[in-house]
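Keeping their order, the protein sequence lines are chains Z and A. Just so we're aligned: 136 in my numbering is position 136 of the first sequence, and the numbers increase by one with no gaps anywhere. Just so we're aligned: 108 in my numbering is position 108 of the second sequence, and the numbers increase by one with no gaps anywhere.
These aren't lab readings, by the way, just hints derived from the structure by calculation. Bear in mind the structure is a predicted one, so any value in this text is a computation, not a measurement. We put the beta carbon where it would ideally sit given N, CA and C, even for glycine. Just to be clear, a hint being listed does not mean it is correct.
[What the hints assert, rightly or not] Cβ-Cβ distance ranges computed for the label pairs, FRET-style:
1) A:His113 with Z:Tyr76: 25 to 35 Å
2) Z:Gln158 with A:Ile156: 53 to 63 Å
3) Z:Gln158 with A:Glu125: 35 to 45 Å
Now for the letters of each chain:
Protein chains: 2
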Amino acid sequence: MVNYPHKVIPKNNIKRRKKGTINFANRGMSFEKMINASNDYYLSRGLAVIHKKPTPVQIVRVDYPQRSRAKIVEAYFRQASTTDYSGVYQGYYLDFEAKETRQKNSMPMKNFHPHQIDHMERVTEQDGICFVLLHFSTLKETYLLPAPYLIDFYKIDQGSKSMPLTYIQEHGYLVPQAALPSVPYLEIIAKNLLGGNKNE
Amino acid sequence: MVNYPHKVIPKNNIKRRKKGTINFANRGMSFEKMINASNDYYLSRGLAVIHKKPTPVQIVRVDYPQRSRAKIVEAYFRQASTTDYSGVYQGYYLDFEAKETRQKNSMPMKNFHPHQIDHMERVTEQDGICFVLLHFSTLKETYLLPAPYLIDFYKIDQGSKSMPLTYIQEHGYLVPQAALPSVPYLEIIAKNLLGGNKNE
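With the rest of the complex left out, here is chain Z:
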């Protein structure tokens, strides 16, 4: 899957009318774009400085055409050694990964890779605020799960089990849906994860 720069403008796709409630908010925006938009909101309001890390690419060959910008003509995707998002909020180091599923009862663990789990463990050991944002697109619900609970669960079967929604609801926090920012995860952190409440 090609990982385009996150500043791609989302298209305003009209979703087909589904049975039940119609969610007019965030139409056509993938979960990743919603998070990027939320980070832009936090940045522009001076609330936090959080960015998505660029996709690591191994550059093999670059052409330098005259009077034109350098053109990369051969490169390969490298595996990231960290999570996708990190930044600072009131002096705290924030670090998270965002995953999405259409399933209604569990989050597949194949979405997570050993190096991400390892990174989250190291960050947690350094007292960084580390978590995952899990989006259940069919349910239209997003949860914030502190990293220790993800790590504990991942280690049960080295990532082959699926994480039940009930486990996430028990140890995580529902992120209320909003218009702006579309994924207000910062308020969950401010309320629950700072100081003595961290990772509990």
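Given the coordinates of chain Z, work out where chain A should sit on it, guided by the hints.
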């Protein structure tokens, strides 16, 4: 300049004998590689989790040859919106840029770009520990300068002045040369930049 993945193994070039002292440490290693090696040291010792951000690349075209990995055939370098290095150290958010010069009396400000200065300002506003590592390769000296002093100086002439070494020595800290890690900046932070001493 092509920005290769930072895990490239440094070559052991033999430097020509120069007048005066010969530095056998870190031969043939660029400043960036020395920092990356230092970060690897901190990571492996469980002291801090600090990584260089991948070079942002705008991917335009990808080929998917059969039985082969995806090949990026057209891409362009994008300008990074942040500094190069960030991570966590004992709960603190660290963020820095590394620059190097052959000059002996000052660090050119053209090495810094407005978006980097802007990013450092925002990080400082959020109480992140933000600084620059300035390497004077001819002098074989490295200084850690807290971001506010860089920002103040940059704003004098919007980046056209060169920053005198005396200014850096007055407001910054000499990072002692070492074998391992080659750039022990963390000890400078631990001693001078945490808690009440931050950014003073």
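Going down the list of hints, with the structure as the test:
Evaluation of the 25 to 35 Å hint for His113 of chain A and Tyr76 of chain Z yields a pass: the beta carbon distance comes to about 28 Å. Taking the beta carbon of each, Gln158 of chain Z and Ile156 of chain A are about 56 Å apart, inside 53 to 63 Å as hinted. A C-beta distance of roughly 41 Å is found between Gln158 of chain Z and Glu125 of chain A, which places it inside the suggested range of 35 to 45 Å.
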